[in-house]
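These protein sequence lines map, in sequence, to chains Z and G. Per my numbering, numbering through the first sequence is continuous, rising by one, with the last residue being 349. Per my numbering, numbering through the second sequence is continuous, rising by one, with the last residue being 588.
Hints listed in this document are in silico derivations from the structure and should not be mistaken for laboratory results. The structure displayed is predicted, hence computed values, not measured ones. All residues carry an ideal CB built from backbone N, CA and C; glycine is no exception. One should not assume that every hint holds.
Capping the alpha-carbon separation at 25 Å, the derived lysine to aspartate or glutamate pairs in DMTMM-like fashion look like this [unchecked claim]:
no.: 1; chain 1: G; residue 1: K419; chain 2: Z; residue 2: D14
no.: 2; chain 1: G; residue 1: K307; chain 2: Z; residue 2: D73
no.: 3; chain 1: G; residue 1: K430; chain 2: G; residue 2: E352
no.: 4; chain 1: G; residue 1: K128; chain 2: G; residue 2: E177
no.: 5; chain 1: G; residue 1: K568; chain 2: Z; residue 2: D73
no.: 6; chain 1: G; residue 1: K502; chain 2: Z; residue 2: E107
no.: 7; chain 1: Z; residue 1: K194; chain 2: G; residue 2: E81
Some chain Z residues flagged as far from chain G (calculated, every beta-carbon gap over 10 Å) [claimed, not checked]:
no.: 8; residue: P16
no.: 9; residue: Y71
no.: 10; residue: L96
no.: 11; residue: D100
no.: 12; residue: G121
no.: 13; residue: K145
no.: 14; residue: V195
no.: 15; residue: D289
no.: 16; residue: P302
no.: 17; residue: K306
no.: 18; residue: L320
no.: 19; residue: Q324
no.: 20; residue: K335
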Amino acid sequence: MIEKFEDLLEQSYDAPHGKVKIGILEEAIRIADVHLGPEEQFDARMLLVDTAIFSGHGEKAIVAFAWCLAYYDKHPEMANDHQMMWNYKWVADRLLLFPDIELAKVEATLEDLRKRFIQSGHGPHYYYYLKHVLAMNLEKTEEVKHYYEKWIAEPSDSLSDCHACTLANKTQTLLYLGKLEEALDVAQPILAGKVFCHSVPHRTYADLLLPLLKADRKAEADTYYQKCYELIYNQTGFLDTSIKLFTYLAITDTPKAVSFLEKYFKDAYETDESIVKFDFYIVATTIWDILEEQDSKTIQLPDSVKIEDIKQEMGRLATLFDEQNQTNVYTNKIKRVQTEIQGLQKIFQ
Amino acid sequence: MDQFHFKVNLKGMIDLLSNHLYSTPQVFVRELIQNAVDAITARQKIEASHQGKIGLELFSSPGTLPTLYIEDNGIGLTEEEVHHFLAQIGQTSKNRAEDQDFIGRFGVGLLSCFIVSDEIVLLTRSAKENKTIEWRGKPDGSYTIQVLEQEMETGTKIYLQSKRGFESYFTKEKIQEMVRHYGEFLPFPIHFYDDKPIRLNSDKTPWEMTTEEALSYGKKKMQIDYLDAIPLYSPAGDANGVAYILPYSIRINAKKQHLVYVKQMLLSEKVEGILPDWAFFVTSILNVNLLKPTASREEFSNDERLKLVQQELGECIKRYLIQLSKTNVNQFKKIIEIHYESLKFLAQEDDELYTLFIDWLPFNTSFGRLAMKEIREYSNTILYTSNMDEFRQIHQVAKAQSICVVNGSYMYDTELLRKLPNVFTDYKVKHINSSSFMYNFTELSLEDRRKAYDFIELANKVLQPYQCTAEMRNYQPDDLPALYTTNEEALFIRTTEQTKEKANDLFSSIITQLTNNKIKPSFAQLCFNFQNPTIQKVIQSTNTSLNELIVEMLYVQALLLGNYPLKKQEFQLLNKGLISFIERGLGE
Numbered sequence: 001m002i003e004k005f006e007d008l009l010e011q012s013y014d015a016p017h018g019k020v021k022i023g024i025l026e027e028a029i030r031i032a033d034v035h036l037g038p039e040e041q042f043d044a045r046m047l048l049v050d051t052a053i054f055s056g057h058g059e060k061a062i063v064a065f066a067w068c069l070a071y072y073d074k075h076p077e078m079a080n081d082h083q084m085m086w087n088y089k090w091v092a093d094r095l096l097l098f099p100d101i102e103l104a105k106v107e108a109t110l111e112d113l114r115k116r117f118i119q120s121g122h123g124p125h126y127y128y129y130l131k132h133v134l135a136m137n138l139e140k141t142e143e144v145k146h147y148y149e150k151w152i153a154e155p156s157d158s159l160s161d162c163h164a165c166t167l168a169n170k171t172q173t174l175l176y177l178g179k180l181e182e183a184l185d186v187a188q189p190i191l192a193g194k195v196f197c198h199s200v201p202h203r204t205y206a207d208l209l210l211p212l213l214k215a216d217r218k219a220e221a222d223t224y225y226q227k228c229y230e231l232i233y234n235q236t237g238f239l240d241t242s243i244k245l246f247t248y249l250a251i252t253d254t255p256k257a258v259s260f261l262e263k264y265f266k267d268a269y270e271t272d273e274s275i276v277k278f279d280f281y282i283v284a285t286t287i288w289d290i291l292e293e294q295d296s297k298t299i300q301l302p303d304s305v306k307i308e309d310i311k312q313e314m315g316r317l318a319t320l321f322d323e324q325n326q327t328n329v330y331t332n333k334i335k336r337v338q339t340e341i342q343g344l345q346k347i348f349q
Numbered sequence: 001m002d003q004f005h006f007k008v009n010l011k012g013m014i015d016l017l018s019n020h021l022y023s024t025p026q027v028f029v030r031e032l033i034q035n036a037v038d039a040i041t042a043r044q045k046i047e048a049s050h051q052g053k054i055g056l057e058l059f060s061s062p063g064t065l066p067t068l069y070i071e072d073n074g075i076g077l078t079e080e081e082v083h084h085f086l087a088q089i090g091q092t093s094k095n096r097a098e099d100q101d102f103i104g105r106f107g108v109g110l111l112s113c114f115i116v117s118d119e120i121v122l123l124t125r126s127a128k129e130n131k132t133i134e135w136r137g138k139p140d141g142s143y144t145i146q147v148l149e150q151e152m153e154t155g156t157k158i159y160l161q162s163k164r165g166f167e168s169y170f171t172k173e174k175i176q177e178m179v180r181h182y183g184e185f186l187p188f189p190i191h192f193y194d195d196k197p198i199r200l201n202s203d204k205t206p207w208e209m210t211t212e213e214a215l216s217y218g219k220k221k222m223q224i225d226y227l228d229a230i231p232l233y234s235p236a237g238d239a240n241g242v243a244y245i246l247p248y249s250i251r252i253n254a255k256k257q258h259l260v261y262v263k264q265m266l267l268s269e270k271v272e273g274i275l276p277d278w279a280f281f282v283t284s285i286l287n288v289n290l291l292k293p294t295a296s297r298e299e300f301s302n303d304e305r306l307k308l309v310q311q312e313l314g315e316c317i318k319r320y321l322i323q324l325s326k327t328n329v330n331q332f333k334k335i336i337e338i339h340y341e342s343l344k345f346l347a348q349e350d351d352e353l354y355t356l357f358i359d360w361l362p363f364n365t366s367f368g369r370l371a372m373k374e375i376r377e378y379s380n381t382i383l384y385t386s387n388m389d390e391f392r393q394i395h396q397v398a399k400a401q402s403i404c405v406v407n408g409s410y411m412y413d414t415e416l417l418r419k420l421p422n423v424f425t426d427y428k429v430k431h432i433n434s435s436s437f438m439y440n441f442t443e444l445s446l447e448d449r450r451k452a453y454d455f456i457e458l459a460n461k462v463l464q465p466y467q468c469t470a471e472m473r474n475y476q477p478d479d480l481p482a483l484y485t486t487n488e489e490a491l492f493i494r495t496t497e498q499t500k501e502k503a504n505d506l507f508s509s510i511i512t513q514l515t516n517n518k519i520k521p522s523f524a525q526l527c528f529n530f531q532n533p534t535i536q537k538v539i540q541s542t543n544t545s546l547n548e549l550i551v552e553m554l555y556v557q558a559l560l561l562g563n564y565p566l567k568k569q570e571f572q573l574l575n576k577g578l579i580s581f582i583e584r585g586l587g588e
C-alpha cells in the first residue's frame, strides 16, 4: 500500500491545482488512514491543505488542517513550526470566506493564530492583516483603519505574504477606503509588471475595475478587465476574482455578462466557499432581473436549477451570515450591489 | 541643479558578477571568444570575403602563473575606441542600430576576465587606422594605454595571467574543453596551438544534420538513446535546432532544460522556457539568432517574441507528431507508450491533434489500462467516473458485469472523454457515479421485495446513526453481499465526522458549523445484493438481534472493502460484532 500511496503523491505533484489533484490526495489520505501510519496521514493532509486552498476549496483545507493541528499539538516533532504556522496562516485566511461560521469562533481562531505565531517566534504582522480583512468584510471602517495602521507599522516576517501580495492587499484596502489615487500609487509596481506572483496582478486588476468606473476612467478599466480575464481564464481558484469581472460586465456589457454567468455559474453553484457563492449570486440575480423575461429565459443553467431557488438560497445565506456575525451588512449588501449595478449600468451602457 | 555621477566600486562589481551574475568562473572563456566572434563579424561587414579565425595558446613555465593568449583577426579597436569602450566598462562597442548583428558586450565581457585574472593585456590594431594599441587593465579599474611602434596584423590579441587560486582553469586540457563547450558550433575556425594546431570546433551543427546524424550526435553528446529527433525552426527567432524525444517518461513539473546557442555560441545548457510547457517530453539543442538573453545570459527575456518563438517551435513538434501518426504508427505508438501524459495535454488543447491521437491514448478502466480504441470496442456508450473514490466504489462490480468504466480522475482524462463524440459521432459519453451506477442494478421483483422488506426496514434503522440508508438489488458479482456507495458531499461529511473526533475543540466546533449550514444532508447507501447466498439466508431469518448484528458487520465489511477509514463508533461496531460472533460460536 505504501507504493500506491507514494504513487498517488507523485501524481499529485504533477497535477495542477483543482479537483483532480484534490481527488488524488483524498485517495492518498484514505489509504494512509486505513493502511499506513500517522506520518503518511499527516503528510498527505498537509499537501491537501495547500492544494485545497489554491483550488477554491477552503472547507477541505480547514478540515484537513484541523486534523494536522491536533496531531501536531500532540507530536510537535512531526512538522517544523514554520511549516505548520504557514499553513495555519492560509487556513485562517480562508476561514474569512465562511461568514456562516460564528464570528466569535473566527475571532477565537485569529487569537489562537496570534498566540501560536508569537510562541513560535514570529510577529503579529499577518494577524493584523487578517483582523483588518475581517473588519472590511463586516464593513467596520474604523476597525479597518485601526488594524490597517497596525499592519503596515508592524515589521513583516517569514509568515507575511510575498511582496506582490502585500502591495495588492494594501491597494485593496485603500480602494475600500475610497482612496483611488493612493491605491494606484501603491499598485504602480504591480501595474508596471515589476512585481507579480500566483495571484498578482490578477486580483489588483479586478479590484480596480469598479473604482475606476466610478471615477469615470472606463478606458483604463477596460484594459485591466481584458488583462485580468486573460490571466484567470480557465484557471482554478480565481472564482472570487471572477466575481469582480462579472460585476464589471454586468455594468458595461450585458450580453457578455450573460455568457459569463453561464460559464461560471456551475462553479459558484458547486463551491462550498459560502461568501464566494453569495457574492456571485448577488450579481447573477441582478443581471437576471435587468433582462427582459424573454431574454432571461434563454440563460442556460445546469441541471434543473431555477433562479427562484438561487434567490432563496441567497436570502438564506444573507440571514445566516448576519445572524452568525451579529450584523446586517449581508442583507444590506444584496440591495446595495443591485442598486449600484443598476445605477452604473445606466451610465455605461 | 548640479548633476553628479556616483562612483561604482569596480572590485565590488567584479565580486558581484562572479558570485551572482555568472554561475561559473569559466564564462570568461565564453566572453573572450564572444568578443573575437563579434570583431570578426564586424570586419566582415566592411570586408565581405574576410576569412575569420581565432587562435588560443597557453604559456606556462615552472614558478610562474600560467597565461592564456587569444587572438582574432577581427576588426580591432582604434585608439579612441579603446578609450571609449574599455574606459567605460559595460558600455558596448556596438551601436544600437547594428545590435542585431552582434552578441556580446565587449566591456562587460572583458570584465568577467577579472574573475580569474589580475591583469589583462590587450594588443589591438583596427582595420580603420594604422596604429597598434596596447591596453593594460587591472581589477581596481586602473589602466594604461600606449601606442606601440611595432607592426601587427589587423585584429586583437589578449593575454590573461591566471590569478592565484584559478590555475585549474589555465591548463591545456581545461582551455580546450571550455572552448569546445562554448564554441563547438561557431562558424569561424578556432584552433588551439599546441605542438601542432588542434581544431576545437566542429564543421557541422546538429541543426544541419539528418535525423540519423542528429540521433547519433545526441547519443555521443548526452549518452542517451533518444527515441527520435524532430527538426525545429522558428522564423520569429531565426532559430534552428533539434528536439530529441526522451526515451523515458518524465514528470510534468520536472525542469525542462535545453541546450541553447545564440548565434552559434553556447548560451547555456540549462535554458528554460524556450519550448512550450507541454513539450516536456523533449530536450533540445537550439541555435537562436533573434532573441535577447537576459544579463545572466542563461535565459531569454520573457517578451512577446519569446512567446512567438515558443509557439513556432511547438508547432514543429506538433506537425512532426501528426506526420508520424500517419506514416510510422509503430514509432508513434512507442512515443505514446512513454509520453502519453504530455500527448494527452496536447490532444486536450488542440482538436486536430485530438482526432489523431485519441484512439491511441491509454486510460485506466475497470479492465485495466486500455487504449481508447479498445475501450470503444466495449460499447457505444462510454461510461466514466470523475473521481477516484467513485471509480474505486464501482470498478469491481462493473468488471463483474462486463462493463467497461473509465477512471476519469487523472489529469485531462475527463476533458478528453467529453470530446469523444465530436470525433466519433455515433458514440456517447456518460458520466456515472456510484449511485447512478447502482440504479442500473436490477430491481427486485414484487415478490422478492416482499421477502426483503423486513430486513431492509431493520437495516435502515440500524444504519441511521451512520448517515447511511439501505437498499436491496440484484447485481454481479454474486459473492459480494453488500456495496457501500457514497457521493462527494456525503463523503466530505464523513471526513468531517472523522476529523472532529481528532481535532481540538475550536476547530471541531468550526467544522460542525461548516457542515451544519449546508442545505441538505447527504446520505451514503449500503446496497445489499439479493443474489448473494448469505443475504438470502439472512432475510429468511427472524432473529432480530442477530440480524442487527449482521447488518452492522456487513456495513463495516463494506466500508473496509471500499477502503474507507473507520470512525470511532464503527470500530466499536466491529469489536462488538466480532466478540458477539465468537461468543455465539463458543456457545453452540
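Each hint tested on the structure:
1. For the hint pairing K419 (chain G) with D14 (chain Z), the CA-to-CA distance comes to about 23 Å; that is within 25 Å, so the pair holds.
2. With a C-alpha separation of about 49 Å, the suggested pair K307 (chain G) and D73 (chain Z) falls outside the 25 Å cut-off, and the hint is violated.
3. Of the pairs offered as hints, the one joining K430 (chain G) and E352 (chain G) holds, with about 23 Å between alpha carbons and a cut-off of 25 Å not exceeded.
4. For a cut-off of 25 Å, the pair hint linking K128 (chain G) to E177 (chain G) is broken: about 34 Å separates their Cα positions.
5. Of the supplied pair hints, the one linking K568 (chain G) and D73 (chain Z) holds, its CA atoms being roughly 20 Å apart against a limit of 25 Å.
6. For the given pair, K502 (chain G) sits about 22 Å from E107 (chain Z) by alpha-carbon distance, which is consistent with the 25 Å threshold.
7. With a C-alpha separation of about 36 Å, the suggested pairing of K194 (chain Z) with E81 (chain G) is violated against the 25 Å cut-off.
8. Here P16 (chain Z) does not stay apart from chain G, with its beta-carbon only about 8 Å from theirs, under the 10 Å limit.
9. With a closest Cβ-Cβ approach of about 7 Å to chain G, Y71 (chain Z) is found to fall inside the 10 Å limit, against its non-interface label.
10. Every CB of chain G lies more than 10 Å from the CB of L96 (chain Z), the least distance being 12 Å, so the non-interface label holds.
11. The claim that D100 (chain Z) is not at the interface with chain G is violated, since a C-beta of that chain comes within 10 Å of its own (minimum 4 Å).
12. Once the 10 Å rule is applied to beta carbons, G121 (chain Z) is consistent with being away from chain G; the minimum gap is 22 Å.
13. The beta carbon of K145 (chain Z) sits about 28 Å from the closest Cβ of chain G, which is more than 10 Å, so the claim that it is off the interface holds.
14. With 10 Å as the threshold on Cβ separation, the claim that V195 (chain Z) sits away from chain G holds: the shortest Cβ distance comes to roughly 14 Å.
15. With 10 Å as the threshold on Cβ separation, the claim that D289 (chain Z) sits away from chain G holds: the shortest Cβ distance comes to roughly 23 Å.
16. The Cβ of P302 (chain Z) sits about 13 Å from the closest Cβ of chain G, beyond the 10 Å cut-off, so the non-interface label holds.
17. Here K306 (chain Z) stays apart from chain G, with its beta-carbon at least about 14 Å from theirs, past the 10 Å limit.
18. Look at L320 (chain Z): its CB is around 6 Å from the nearest CB on chain G, not clear of 10 Å, so calling it non-interface is violated.
19. Q324 (chain Z), annotated as away from the interface, has a beta carbon of chain G within 10 Å; the closest lies near 8 Å.
20. Distance check on K335 (chain Z): its Cβ is at least 23 Å (rounded) from any Cβ of chain G, clearing the 10 Å threshold; non-interface status holds.
The structure does not agree with the numbered hints 2, 4, 7, 8, 9, 11, 18, 19 stated previously, though it agrees with the rest.
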